[in-house]
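J.: Heads up: the protein sequence lines correspond to chains U and V, in order.
With the first letter of the first sequence counted as 1, position 32 gets the number 32 in my numbering; the numbers rise by one all the way through.
With the first letter of the second sequence counted as 1, position 237 gets the number 237 in my numbering; the numbers rise by one all the way through.
FYI, nobody ran anything at the bench for these hints, they're computed from the structure.
Since this is a predicted model, take the numbers as computed values, not measurements.
Don't be surprised by glycine CBs; every beta carbon is placed ideally from N, CA and C.
Misleading hints may appear alongside valid ones.
Only some residues are given here: those of chain U computed to face chain V with a beta carbon under 10 Å [what the hints assert, rightly or not]:
1. Y5
2. H76
3. Q105
4. Y133
5. F134
6. G144
7. Q166
8. R223
9. A273
10. S275
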Amino acid sequence: MATSYVSPYVAARGLARQLSESWWWGGGCSDVRLWGGQEGRNGPAWNSGPLHRHQYCSTFYFVGPEKTMMVETGHHAHWPLVEEQLERVLGGRDLDYVFPSQQEQPHSGNLGKVMAKYPSCVAVGNLKDYHLYFPGIDRKRLAGSNCGDTLDLGDRTFEFLEPVWQCHASTQWGADLKERVLFPVDGFEYMHLADWCGLVSEEFELPPADVRASLITVIQPGRADIPMQLAFGALKALWSHVDPVLVCPTHAAPLRGNLPEVVPWIMEQYATAGSDRDWIGDAGSDWARFLAVRSPDA
Amino acid sequence: VTDSQAVIQAVPPVDIVPGALTRLGGLTPLDESSGWVPAGTRGAEPINVYLLREGQAGLLIDSGPRALTSLLLTQLEECWTGSDRNVVLLRNELEAIGGLGPLLARYPDMKLIYPGGGGILDWIDYRQRIGGEEHDLRFEATLVLGHPDAIELGPDRRVRYVPPAISNLTITWLYDETTRALFSTDAFALLHVPAGTADAGTAGLICDELPVSVTRDYIAAHLAERFFWLRKAEVAPAQQSIRAFFEQYPVSVLCPSRGAVIRGSGAVAQLVDRTVAAMDLIPRYAW
Chain U
1 MATSYVSPYV AARGLARQLS ESWWWGGGCS DVRLWGGQEG RNGPAWNSGP LHRHQYCSTF
61 YFVGPEKTMM VETGHHAHWP LVEEQLERVL GGRDLDYVFP SQQEQPHSGN LGKVMAKYPS
121 CVAVGNLKDY HLYFPGIDRK RLAGSNCGDT LDLGDRTFEF LEPVWQCHAS TQWGADLKER
181 VLFPVDGFEY MHLADWCGLV SEEFELPPAD VRASLITVIQ PGRADIPMQL AFGALKALWS
241 HVDPVLVCPT HAAPLRGNLP EVVPWIMEQY ATAGSDRDWI GDAGSDWARF LAVRSPDA
Chain V
1 VTDSQAVIQA VPPVDIVPGA LTRLGGLTPL DESSGWVPAG TRGAEPINVY LLREGQAGLL
61 IDSGPRALTS LLLTQLEECW TGSDRNVVLL RNELEAIGGL GPLLARYPDM KLIYPGGGGI
121 LDWIDYRQRI GGEEHDLRFE ATLVLGHPDA IELGPDRRVR YVPPAISNLT ITWLYDETTR
181 ALFSTDAFAL LHVPAGTADA GTAGLICDEL PVSVTRDYIA AHLAERFFWL RKAEVAPAQQ
241 SIRAFFEQYP VSVLCPSRGA VIRGSGAVAQ LVDRTVAAMD LIPRYAW
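Chain U extracted, bound-state conformation:
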């Protein structure tokens, strides 16, 4: 029997924090150094490498004049943090909608607790099989949505989008077209160094390529057999539709203020993962050119 245990699921510094007029960033972090065996456990130490890395399990809170919404429920080990953030950000208002982007625990783990805390809240998204995972939730409160559907938030609509990259069949991306916010779920994932915890992309210096490779993973089954160039094309079409100034991945620091620098930095690494990795060309420069003409205010 273990005598001590340190949870890898730690608080992220300064969360929840406001990202835009209506959107807040919350949730927590996990510390990669603690993913391995600990005292009382007979597993080997995780090969965490020389970098002290964290990975977010983010949540996002929308507080509009008429409606409120939560994107991602967070990892259930983070529930005490998430519950406090919800209360603080909502300021006494009810939560109208919760959107777990997919079934994995870091995305949907707190759904039962959220629905119990806010009895009038309705869950949206691809909710197939959720009655098996959360049998305590009244099925009438599980309102499924398909990619392409929209949700009326009063002064705007939230759009459910076909994912470009996904680690689960149920994944849906989302966007707020009014404030130009994109939620790419497992896309754009990059771990952050512990020193960057709680910072958005414009608040830290992007590390060089050799460090980047140990931070970024394309979270997509079968990625080595999928042509990345086609995925880039789909992402550019989606980008043109949303024209984001704020990108909120679930497992990475939100991208804000330096999109023409940080998106190419990420995509250059993505280009090394697909079936066309040997001939895809300079993806970083390609994305820099694309964004330079598209997003002068991003």
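Put chain V on the given structure of chain U with help from the hints.
T.: Chain V in isolation, oriented as in the chain U frame:
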């Protein structure tokens, strides 16, 4: 455990290999809220947990979704008499870990074997009442990490970790050398109980012959849902991977987490052949 189990219909445990391998679990109706299956699929889907036994040792494979937990605990009360209790997780998704907290609370001496990371106890319902008191399983459960080649259930009973030939988020498959059973989690999980036969007890839970309805088109439609990424990928590597796997491991029983068990080396080989061929029929993603 107080959650409703109304979405899971109880069926009795079924011995796949008497004394060595038992299928536990229930049946859930297939309707518009069912995942992993093509739209319009009806009937019922077996939701499976497996119990391997060797003398006093027992190994439970995954713990099923939360809606199954009450039924699973009842079934274990009835049929699990050994003293060396173990449970292994092949994935850390909600359909594999849902019952783990109540299970570890019910059997405090049970060892949790996990070939992934040490944070797994944070993924389960770790706050449980045991003997009327609140407990935190993160501090109290016995967790066996690491990735040796096999789980030893006895001096002559090795259950090997084997790399999945195809997977979404699966960490490992398991192969029981004694029964030649392969525990493939989300792969080969496509045989349902047809509508109208769901009340027929254990009928349809074990298939000794591959139904003629399981055509290449049927399999392709299921693969496109479960292994969604195959629609975007070159399928040749996956085909090659599956062929290589079954050439290396002689499999007599296929035990997926969902869907009927396929028993008999002939039926298994037939399903594998049709699955490989079906990959060429998967509709391509319209980029």
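J.: Now, for every hint given, state plainly whether the structure supports it.
T.: Each hint tested on the structure:
1. Y5: At 5 Å from the nearest chain V Cβ, Y5/U passes the 10 Å test, so the hint holds.
2. H76: Since chain V brings a Cβ to about 8 Å from H76/U, closer than 10 Å, the hint holds.
3. Q105: With a closest approach of 5 Å, the Q105/U hint holds.
4. Y133: Nearest chain V Cβ about 4 Å off; hint holds.
5. F134: 7 Å, holds
6. G144: 7 Å, holds
7. Q166: This interface hint holds because 7 Å falls under the 10 Å limit.
8. R223: 8 Å, holds
9. A273: Nearest chain V Cβ about 12 Å off; hint violated.
10. S275: 6 Å, holds
In this structure, only the earlier hint numbered 9 is contradicted, and the remaining ones agree with it.
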